[in-house]
Amino acid sequence: MAVREVKEKIVSREFPEYIRETNPDVGLDESIKELTPEKIEKAIKAVIGARSSRIKAIMETCIHCALCAEACQWYLSNDKDPTYAPVAKMRMTIWEMIKRDGKVDAEFIKQCARIVFTECNICHRCSMYCPYGLDVTFIIGMVRRICFVLGVVPQRQMDQDHAHATTMNQVWLGQNDWLDTMQWQEEEVGAEYKDLRIPIDKEGAEVMWLPLGAEPKTGIYHIERTAKIMHVAGIDWTVPGKDVWDSSNMPMFLRDFATMNRIVRGLYENAIRLKIKKMVLTE
Amino acid sequence: MFDFIKDPSLFNLVRGPLVWVAFLAFIGGSAYKVYYLIEMAKKDKTVLPYIGMKPTLRSVLHWLVPFASRNWRMRWPITVLTFTFHIGLLFTPIFLLSHNVLVYESWGITWWTLPEGVADIMTIVVIVACIAFLLRRMFAAEVKFVSFSSDYLILAISFFPFLTGFLAYHQWLLPYKAMVILHILFGELMLIAIPFTRLGHMFYFFLTRALMGSQFAGWGSKDW
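Top to bottom, those sequences are chains L and W.
Going by this note's numbering, the residue at position 30 of the first sequence is 28; the numbering climbs one at a time, nothing skipped.
Each number in this note's numbering corresponds to the 1-based position in the second sequence with 2 added.
These are computed hints drawn from the structure, not numbers from a lab.
Careful, some of the hints might be misleading.
Said to hold, decoys possible - Cβ pair distances, simulated, as ranges:
#: 1; chain 1: W; residue 1: L50; chain 2: L; residue 2: W170; range: 33 to 43 angstroms
#: 2; chain 1: L; residue 1: N174; chain 2: W; residue 2: K44; range: 26 to 36 angstroms
#: 3; chain 1: W; residue 1: G54; chain 2: L; residue 2: A256; range: 24 to 34 angstroms
#: 4; chain 1: W; residue 1: K146; chain 2: L; residue 2: I8; range: 19 to 29 angstroms
#: 5; chain 1: L; residue 1: T116; chain 2: W; residue 2: M76; range: 22 to 32 angstroms
#: 6; chain 1: L; residue 1: I227; chain 2: W; residue 2: M76; range: 45 to 55 angstroms
#: 7; chain 1: W; residue 1: G222; chain 2: L; residue 2: I96; range: 25 to 35 angstroms
#: 8; chain 1: W; residue 1: V36; chain 2: L; residue 2: I17; range: 33 to 43 angstroms
#: 9; chain 1: W; residue 1: P68; chain 2: L; residue 2: G232; range: 50 to 60 angstroms
#: 10; chain 1: L; residue 1: E94; chain 2: W; residue 2: D46; range: 40 to 50 angstroms
#: 11; chain 1: L; residue 1: E94; chain 2: W; residue 2: T112; range: 43 to 53 angstroms
#: 12; chain 1: W; residue 1: K44; chain 2: L; residue 2: E6; range: 42 to 52 angstroms
#: 13; chain 1: L; residue 1: A256; chain 2: W; residue 2: M76; range: 33 to 43 angstroms
Unchecked claim - Dumping the calculated DSS-like pairs for lysine-lysine here, alpha-carbon to alpha-carbon at most 30 angstroms:
#: 14; chain 1: L; residue 1: K5; chain 2: L; residue 2: K43
#: 15; chain 1: W; residue 1: K179; chain 2: L; residue 2: K54
#: 16; chain 1: L; residue 1: K192; chain 2: L; residue 2: K276
#: 17; chain 1: L; residue 1: K5; chain 2: L; residue 2: K108
#: 18; chain 1: L; residue 1: K43; chain 2: W; residue 2: K45
#: 19; chain 1: L; residue 1: K7; chain 2: L; residue 2: K78
#: 20; chain 1: L; residue 1: K97; chain 2: W; residue 2: K224
#: 21; chain 1: W; residue 1: K56; chain 2: L; residue 2: K101
#: 22; chain 1: L; residue 1: K276; chain 2: W; residue 2: K47
#: 23; chain 1: L; residue 1: K108; chain 2: L; residue 2: K97
#: 24; chain 1: W; residue 1: K224; chain 2: L; residue 2: K43
#: 25; chain 1: W; residue 1: K44; chain 2: L; residue 2: K97
#: 26; chain 1: L; residue 1: K276; chain 2: L; residue 2: K226
#: 27; chain 1: L; residue 1: K7; chain 2: L; residue 2: K101
#: 28; chain 1: L; residue 1: K54; chain 2: W; residue 2: K224
#: 29; chain 1: L; residue 1: K43; chain 2: L; residue 2: K31
#: 30; chain 1: L; residue 1: K226; chain 2: L; residue 2: K273
#: 31; chain 1: L; residue 1: K7; chain 2: W; residue 2: K146
#: 32; chain 1: L; residue 1: K5; chain 2: W; residue 2: K47
C-beta atoms are modelled at their ideal positions from N, C-alpha and C, and glycine is treated no differently.
Between the sequences and the hints, there should be enough to build the whole structure, so can you do that?
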């Protein structure tokens, strides 16, 4: 029996050049069913209106020269398909929203979500190639926020955002699990290094180490290795015993301002509480 | 057919009141445009506090000097094209002998002028560059996808003053008087259009570069 692989293609209704493979995602496909034209218009106006000077400067300066295209890894790795150019992403999302004064439908929002969440890494490289230094990434972020406000976000990213909003880390790790993991790792490494400690909540330490959420959850060896490095280097260090300790801040990528603000504030509050001098973050 | 052109009142209109209208719209409109954006930016907490003088100057200079930024070096044909175009566009009208004579006739002041041959070549460069930009807009896929009628319009607005000026200087195609009137009208149209179209990038360039240059300096990185 011959195996036939039929790859379905989606052709955009507004932009016939925008052709992609299907990519089902509950976060996009299901959430757009809740949208109404009024909701969409309200969200677009709320987000764009609040930050208009930067948007105005970008919209009224961009001369549509497409010199930003060569900066984009999506454009370069897709055979220079013009729909992956940074300026094209603005054209297919925010320009269209402004042109139609926010009167777009749910299908259009879904297409925007696909463009801004899955075809841009917010790396700012296009701004380094733009003769005017226009912040294309800022525009992408604004469109992400519109999609986030409307709840149209890829499921995985929305889940990470919910995890941060609920537990202040991206992996649903409770505070007792976090402390337990630290103590368990201290015991593990203790077999190799005499007097090795993972100091929790040590006031006045030189350095506070803030891991990514995945480290205590799935990359536990990172904690062991960090502890060894700190111990051998003789650094006076500590980890926070209270939330927030996860520095990954996934809500930033959705432009969920409320949660991203809580995380950064929490990190600094820990630093002030423990009177530490430096924060060391995993990247 | 061109009898109406012999009527001196038409020439007096475009040479007199319309020049005032054009310059007032250009200067007033541009000043208001810049002022309005800065006032708007004051309301946005994340713009003005980031801007620093030193990174702004560094960023602006690296993009105003040919080949001083990475993208200018990578895309050298476009760099040559855009720099010769903009130099011609900006300096030919200011330092043209005939324009100086007009100012001298009105106010009795004059300044340094270009030799006529040089000015002629610079005009040809602008005309050729406009055609090159048009072809790029029509045939380069990434540019074509983001081209609107407004893009062709602003290209035309900058093209026609130079074309008509060139034809008038050489007295080709139309009677001299007719071509000069057309030339003045297109020139006035361009001046008026600058604050109200994306040609305003001649002022916004410095503002957007100020923000981006300062942000990149904050991140410890260059934006050129």
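Structure-based check of all given hints:
1. W/L50 with L/W170: 33 to 43 angstroms: 40 angstroms, holds
2. L/N174 with W/K44: 26 to 36 angstroms: 48 angstroms Cβ-Cβ, so the 26 to 36 angstroms window is violated.
3. W/G54 with L/A256: 24 to 34 angstroms: At roughly 30 angstroms between Cβ atoms, L/A256 and W/G54 fall inside 24 to 34 angstroms, so the hint holds.
4. W/K146 with L/I8: 19 to 29 angstroms: With a Cβ separation near 22 angstroms, W/K146 and L/I8 satisfy 19 to 29 angstroms, so the hint holds.
5. L/T116 with W/M76: 22 to 32 angstroms: For W/M76 against L/T116, whose Cβ atoms are near 27 angstroms apart, the range 22 to 32 angstroms holds.
6. L/I227 with W/M76: 45 to 55 angstroms: 40 angstroms, violated
7. W/G222 with L/I96: 25 to 35 angstroms: Once the Cβ atoms are compared, 34 angstroms apart, the range 25 to 35 angstroms for L/I96 and W/G222 holds.
8. W/V36 with L/I17: 33 to 43 angstroms: 42 angstroms, holds
9. W/P68 with L/G232: 50 to 60 angstroms: Holds, since W/P68 and L/G232 (Cβ atoms, about 52 angstroms apart) stay within the stated range.
10. L/E94 with W/D46: 40 to 50 angstroms: Hint violated: Cβ distance 24 angstroms, outside 40 to 50 angstroms.
11. L/E94 with W/T112: 43 to 53 angstroms: 51 angstroms Cβ-Cβ, so the 43 to 53 angstroms window holds.
12. W/K44 with L/E6: 42 to 52 angstroms: Cβ of W/K44 to Cβ of L/E6: about 50 angstroms, so the range 42 to 52 angstroms holds.
13. L/A256 with W/M76: 33 to 43 angstroms: 41 angstroms, holds
14. L/K5 with L/K43: 37 angstroms, violated
15. W/K179 with L/K54: 42 angstroms, violated
16. L/K192 with L/K276: 26 angstroms, holds
17. L/K5 with L/K108: 20 angstroms, holds
18. L/K43 with W/K45: Roughly 17 angstroms separates the two Cα atoms, so the pair holds.
19. L/K7 with L/K78: 19 angstroms, holds
20. L/K97 with W/K224: 34 angstroms, violated
21. W/K56 with L/K101: It is violated: about 43 angstroms lies between the C-alpha atoms, which goes past 30 angstroms.
22. L/K276 with W/K47: Given that 30 angstroms is the threshold and the Cα spacing comes to 27 angstroms, the pair holds.
23. L/K108 with L/K97: At roughly 18 angstroms apart (the allowed maximum being 30 angstroms), L/K97 and L/K108 satisfy the hint.
24. W/K224 with L/K43: 34 angstroms, violated
25. W/K44 with L/K97: 26 angstroms, holds
26. L/K276 with L/K226: The given pair, whose Cα atoms are some 19 angstroms apart, holds under the 30 angstroms limit.
27. L/K7 with L/K101: With a Cα-Cα distance of about 26 angstroms, the restraint between L/K7 and L/K101 holds, given a limit of 30 angstroms.
28. L/K54 with W/K224: The hint holds at about 24 angstroms.
29. L/K43 with L/K31: It holds: about 20 angstroms lies between the C-alpha atoms, which stays within 30 angstroms.
30. L/K226 with L/K273: Roughly 23 angstroms between the alpha carbons, so the hint for L/K226 and L/K273 holds.
31. L/K7 with W/K146: Holds. L/K7 to W/K146 sits at ~23 angstroms (cutoff 30 angstroms).
32. L/K5 with W/K47: Status violated; Cα separation ~47 angstroms.
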